[in-house]
Amino acid sequence: MLNSKFKIMRKNILFTLLLAAGMGLFSSCEKMFGDYLDKQPSNELTEEQVFSSFTNLEAFHYDTYNFLRNGIARINNSWMDAATDLATTSFSSGGTRTSFNIGNYYAASGAPEIRDTWEHYFRGIRKCNTLLQRIDAVPGDPGKTPEINAANVVRMKAESRFLRAYFFWELCLRYGALPIIEEPLDPENPTINDLPRPSSEKECFQYILKELEESYAGLDVTVENNDLGRITKPVSLALQSRIKLYLASPRYSNLGLATWQDAANAALLFINNFGNGSPFKLVTESGDPTTAYSRALYQPSFDGNKEVIFWRNDAPNQWWINESPVGYGGGGGLSPSQNLVDMYDMANGTSPFASYDNTGAPVYTAGNGVSVNPASGYDDQKPYENRDPRFYGTILYNGAIWWNRPIETIVGGTDNPIGNANATPTGYYNKKYHSDQSDHSFNDVKPWNRNWIFIRYAEILLNYAEALNEAGGPGDEVFNALQQLRDRVGMTALLKNRADLQDKDALRKFIHKERTVELAFEDHRSWDVRRWNVAKEALSRPIYGMVITGSGSNLTYTRKVVQTRVFEDKMYLYPIPEEEIWKTGIKNNPEW
Amino acid sequence: MKDKQKHTKNLRKIVPHVLLLTLCMLCTIVFAQTKAVTGIVKDADGLPVIGATVSESGTNNATVTDQSGQFSINVNPNAVLVIRFIGYKEAQISVRGSSSVSVVLKDSMEELQEIIVVGYGVQKKESVVGAISQISSKDLLKSSSPNLTQAITGRLPGVITSQPSGAPGADDAQIFIRGRASFAGDNQPLILVDNIEREFSQISPDDVESISVLKDASATAVYGVRGANGVILITTKRGREGRAQVGVSVNYQTQSPTRGDTFLDSYNSVVLLEEALKNDGLASQFSASDIEMYRKSVNGELSPEQSQLYPNVNWYNSVLNNSAPAARYNATVRGGTKKMKYYTSLDYYDQAGLYKNVSTYEYDRSSNSKFKRYGFRANLDFDLNKRLYLGINFATRFEERTGPNIGNENTTSDNPYNELFYEVNHTPGWLFPIQYENGFYGGNSQNQNNIVARLANGGFYQRTNTINETNFNVKHDLDFVTKGLLVRGQASFDYNTYYNRRFQSGFATYELINRSNPGDESSYTRYNEDQELTYAGNNQTTIMKVYLEAALNYDRTFADKHNVTGLLLYNQNDYRFEADLARRYQGLVGRVTYNYDTRYFAEFNAGYNGSENFAEGRRFGFFPSLSAGWMLTNESFMKETSKWLTNLKLRASYGEVGNDRYAGSRFLYVPTWIQLTNAYRFGQTNTKMGIYEGAYPNTLVTWERAKKYNIGLESSFYRGLFSFNIDVFKENRDNILTNYLSKPTWLGQALVPGNLGISTNKGYELELKHSHTVRNVNYFANLSYTHARNNIVDMDEPAGKTAYRKQEGHAIEQYFGLISDGFVTSADIASGKLPTSTFGNVSVGDLKYRDQNEDGFIDERDQTAIGYSNLPENTFSVSLGADWKGFAISAMFQGVSNVSRYYDAEAMYAFVNGGKVKEHHLERWNPAVSESQNLANAKYPLLHYDQNGSHNQRLNSFFLQNGAFVRLRNVELSYSLPKDVVKKLLMSNLRLYVNGNNLVTWDKLDGKIDPESSGSNNYPIVKAINFGLNAQF
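Chains as they are written, first to last, in my numbering: chain H, 1 to 592; chain V, 10001 to 11033.
Don't read these hints as lab results, they were simulated from the structure. Incorrect hints may have been included.
Unchecked claim - Taking lysine-lysine and the PhoX-like style, the derived pairs with C-alpha atoms no more than 25 Å apart in a straight line are:
#1 V:10339 <-> H:536
#2 V:10278 <-> V:10296
#3 V:10801 <-> H:587
#4 V:10688 <-> H:144
#5 H:570 <-> V:10833
#6 V:10237 <-> V:10545
#7 V:10237 <-> V:10035
#8 H:233 <-> V:10089
#9 V:10806 <-> H:587
#10 H:560 <-> H:202
#11 H:39 <-> V:10545
#12 H:157 <-> V:10237
#13 V:10801 <-> H:570
#14 V:10339 <-> V:10237
#15 V:10545 <-> V:10089
#16 V:10296 <-> H:560
#17 V:10688 <-> H:306
For clarity, every value in this text was computed on a predicted model and none was experimentally measured.
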């Protein structure tokens, strides 16, 4: 009896052991579970689909254009130009205010510029590298002839190489020499943490120029209206003009990559091939000269704007609400400085102040004073009268008519109310990029978005004038280039007749000023003052505002410092983002 | 439990005797002598049990007890009487010639206590060797909360709950078992209702038989890849053999916020506002005479016309009621025959929110939020034949939530704030009245969203959910194959729909510009306009779940001493959210348990589970666990101690469990190429499709693995007078899915996370219990304490990262912020060595931060670990109770410590976004008094207006709050009417009670906010007083 019980027990223990052994076995044979856990079919794209269809490849390519950034309120609601002497931001959390402007480039508020730029353009470069690596193996569009397919391949390769060069240029401008990456890196390859960094920026700029030159032939000269915004030959020449101007400038001239004459030639090449109305020219408009200048910026290319050469097509439509005066329910945001206001000439073509420095700004006397050029007719108690029309196209000041009422930045006024932290600290709001007041309303929803302009024809003219003056001093060609910009806004007094501009140094200061004024808030100032080697003067000077008191026509204008700035030599270059330093073998830039 | 064992032993002894006896009786029936036996049947309280069946064992001879519990029966002098009554354990008594017997029936609930629900089965408590806590229906119902996630708070050692909101129908508490161990995913346990993964918060508490919490690997290994964060098993009630037992419970409660508002009145506000403006060098907004008018306004000295110019609006009271009612009605019917048993219930819950009803809409559209729940359940058991069993559960719930059209009120999920509370926190009370005398709603350019106007005119939403849950169970005995074997199967099908409709309209607010003529409409500027109510669309969600399971069970005892059980189970799970690809699991589960003479226990559990989240080859994981136990008190050598040591058990377990839950990411092994329909536009309209490379896939991605160790000791002394349990646990978690932080950015490509992280979690749980009866008073005192501390060992932070900024070496979700070294003094300013603050200008009285990297700037790079994490390391509860002659009182205090909380800006700061000031701002650094006075007294830095305060107003050690608290979580006073009274009411039981939740809280927050709250922009935590009765028929 007992024995049989044990037998049963043994049998059962055996059974139990078998069960356990079975469990063990299962751990090595997933297959017996069938395909229940396989990913079920879905309509998601596969890598194979992307690189076996020309249509998909095109989509992959056109998406790369998204890595062209617009500069609107890009740095935590503030603009790059608010990190210069042209403006500040009213937002206390505005990115530039709490990073660049106090000299703390590592502050998180500045990360959209200091850190995200790094990531953004390297991502763009990877896309270009992927396209260039894969495109040759992609079969052509069966609906098109082999010739057209082949031409498309050539064109897309060229556009991709251009974009890659442009992204890399934007990186090297900020961070100095960087590893040149020409193929998509394999994340699983451990050596990618230790890419060699060229010893000098020279290698990088050489590479950029080479890429631009080599890709030039593959680009289209013009595109259909429907394709406006694509990279074309003029875009490439325009970028080359800018790069050569930069490389000829004091900061980079020792690299020996371009002389002023090279820079002048590059600009002239553009002007001769694509300028003077064929097709590029300044936007002109009969009537109000300010409107002509404004339209250069907000009028879309497909609507006849022949001034824009290189732009991002789809800056969001209503971005400017952020920057509009607080009295309109706007956010304030970008506050132009008195420093910029003082840079505008008089409408009669004369300069309101006695002397200017190499940053293009007037030289202030001690105690917030200015030394006025009496011949200009400028009155510091009527500062907004008879100024360069570009002033009226760029800045909203106390009394400016906008949206059917005068702006009130007078202390306590509608647009400068007490207790609103976003009210302008300088007494000014931005007007640039806003359309004419006549078709302007707050709910203005146009069927199209706006341009964010990288290069417009005005810059080419300024590049040419600057390079040529540096190469050979004042001359008709130089004055002629500048005169076109002045004529467009109705300042027809001939520059070549101005006695104070007849030597190279004086003309240089004038050109620097003219460039700053013409291209204000277009993301040029930060890089111009750096390449001119005057960043320390321009970016560490106090930011002035205008305090306006009184009432009616009885107003008192008082300049006051609204912000002090910090700039040290090391800030000519950004620090490498610290995460990247931790991850890779790259050495940080000097003194960072 | 021992009793039960004895019973079975006795039974085994008795049965042959009875059989023999019966035989004899049959043979000698004519000669048989019968004898009248009388007796009384009472329950444990000494009350007579009416209607109990008294039968002579082995015969058809039976009777029932009368109204006084007495019976009389003629039986053989040696007969054994069997006494049965529903809800009580069966009792047997030998007559042995006596003519009168007395029987005490024990509540069958006590028996249930001894059965522990474990993964895919139940075990006798004494043979459990895993770390499992369980509570029964009775304890659950002590909480007045109709939300089960709240009701379990403090009642289960090792379970940490946190309730972030008290909003009707959205007040689920978050649950963590033994804290957090992973920094990927939500750390939420797997929750199974009747074996199926389901939400349980809205199940009627009356329907719940038990809630069992599986904590160590031994208990959870069978859940394989889903068990790492612990498992909660909810079992619903089932039918019992016997006549239909009807239960009715009615609860009425009133809820109110645990904390009121502390906003200052208009006078104090403008005084502080002027001080803040002066501190910032900003122009004054209110003159001395204005301020005087505000003083009068606050004191009620102004005419209505004047006071609309100098308003003193308490927005909080304008939109919120002091209390909100809720009611719950529940009816259950339970009973059955040998062949068929049933449990059915109906549940209705109706809860109103705290918002005032100012709605202008017809059709009973209140602007208050409301939650209604209609629950129905039928749990049926059929013994189809001797071997075949069928169980069916049907549960359906309709939930209806209605309320005003405000952000985050069940209308939008992307808004982290409840719009109503956001506006209450931001709309100054001194700027404009709610409504001017002419009926215009007040507002200004910065405050156009008058929240009263929005409640009245902004629209509403209605959200209806239908939850259908079904289970089918089949069991078949395989005794004919081998004794103790059975096969069973389960299928479940759940189908839930969520449907949300919204109606909206715009409304106008007005700013008084010409203050001299408020009666004239032209004196106002209007913002927005009044509009007709329009349909704002709906969103719908459906969820379908199909679960299948098949198992072989084995349970047998050999030679009275070798107890063996085995389980082999296959399951698969298919979860479909709308048209998404189904989420699927599949697995095998095995368990073998063995115990020798209920002294030595051993258990092997394993799950072999697969998740569709992983690539073939990485998909399945084998999760074994081993555990062992030793019941010392069953050893013969412990006989000596048995007088005082009733029970002593040691147990230990080790095992591995997996986790595949990481927030939202699926199919990480699949390369993704993402398509955008309008990526970039050329020309005017030429919108191009775009394609880009999604995050780089990880073909090796696999489950997170927890290696868990647990040692436990259970003991009780003097037959339960005292008991003491302790569990010590340690867990090493690896393969935690976390982002690659060491891959360079110049790669130009985001990567999906990898199995890189390592963490540990360790701690202990203590339970001390004491219960005793002195004369007629039973009382108990229980204490439970849980400590769990986790630590991130590795999360792929680059080696070069600044040490003090690393998260590695700290708790998961450790707070990081600036360290504040008190206030800036004039000496600090004079020294010129104060680092430049990136966050704004710094004056005397502002916070002084430590420049950790000594770069001369105070910025984010100076942030380091401060305080604790937001999950308490220690949780504890103390339960006390006593009962006497039907009266019972019990109270539970629950608390947490070693926890930090950073509430929101609105809870802490002054004048946030043009906002308001609270009582604690009166204790600010006051520039009008001396620095030494300020240093001694100030509890808040210098006041600033709006964003000028951003230097002070950030996550720092000054504003990080100690989140520790002790709460009177629950208190209950109840009275069970005497049985004889109840009987007259045709009931078997009637209990009246009043209980309260969250009535008192002790914390360190000076009334700023409730310690558990998720922030002041959200619906507050509520306390509740509940009146109820429970009747059994």
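Now for the hints, and whether the structure bears them out:
1. Note on residue 10339 of chain V and residue 536 of chain H: the hinted pairing is violated, with a Cα-Cα distance of about 94 Å set against a maximum of 25 Å.
2. Of the pairs offered as hints, the one joining residue 10278 of chain V and residue 10296 of chain V holds, with about 23 Å between alpha carbons and a cut-off of 25 Å not exceeded.
3. Using a Cα cut-off of 25 Å, the hinted pair residue 10801 of chain V and residue 587 of chain H holds, with the two alpha carbons roughly 14 Å apart.
4. A C-alpha spacing of about 19 Å is found between residue 10688 of chain V and residue 144 of chain H, which places the hinted pair at or below 25 Å, so the restraint holds.
5. With a C-alpha separation of about 22 Å, the suggested pair residue 570 of chain H and residue 10833 of chain V falls inside the 25 Å cut-off, and the hint holds.
6. The straight-line distance between the Cα atoms of residue 10237 of chain V and residue 10545 of chain V is roughly 22 Å, inside the 25 Å bound, and the hint therefore holds.
7. At most 25 Å may separate the alpha-carbon atoms for a hinted pair to count; residue 10237 of chain V and residue 10035 of chain V exceed this at roughly 42 Å.
8. The hinted pair formed by residue 233 of chain H and residue 10089 of chain V fails the criterion: a straight-line CA distance of about 95 Å is larger than 25 Å.
9. As the CA atoms of residue 10806 of chain V and residue 587 of chain H are separated by approximately 21 Å, the hinted pair is consistent with the 25 Å bound.
10. As the CA atoms of residue 560 of chain H and residue 202 of chain H are separated by approximately 43 Å, the hinted pair breaks the 25 Å bound.
11. Taking the CA atoms of residue 39 of chain H and residue 10545 of chain V, the gap is near 18 Å; set against the 25 Å cutoff, the hint holds.
12. For the hint linking residue 157 of chain H to residue 10237 of chain V, the alpha-carbon distance of about 70 Å lies beyond 25 Å, and the restraint is violated.
13. Of the supplied pair hints, the one linking residue 10801 of chain V and residue 570 of chain H holds, its CA atoms being roughly 22 Å apart against a limit of 25 Å.
14. Using a Cα cut-off of 25 Å, the hinted pair residue 10339 of chain V and residue 10237 of chain V holds, with the two alpha carbons roughly 17 Å apart.
15. Distance check on the hinted pair: residue 10545 of chain V and residue 10089 of chain V sit about 38 Å apart at the alpha-carbon level, beyond 25 Å; violated.
16. In summary, the hint linking residue 10296 of chain V to residue 560 of chain H is not supported, as the alpha carbons are separated by about 40 Å, beyond the 25 Å threshold.
17. With a CA separation close to 23 Å, the supplied pair residue 10688 of chain V and residue 306 of chain H stays within the 25 Å bound.
Of the numbered hints listed earlier, those contradicted by the structure are 1, 7, 8, 10, 12, 15 and 16.
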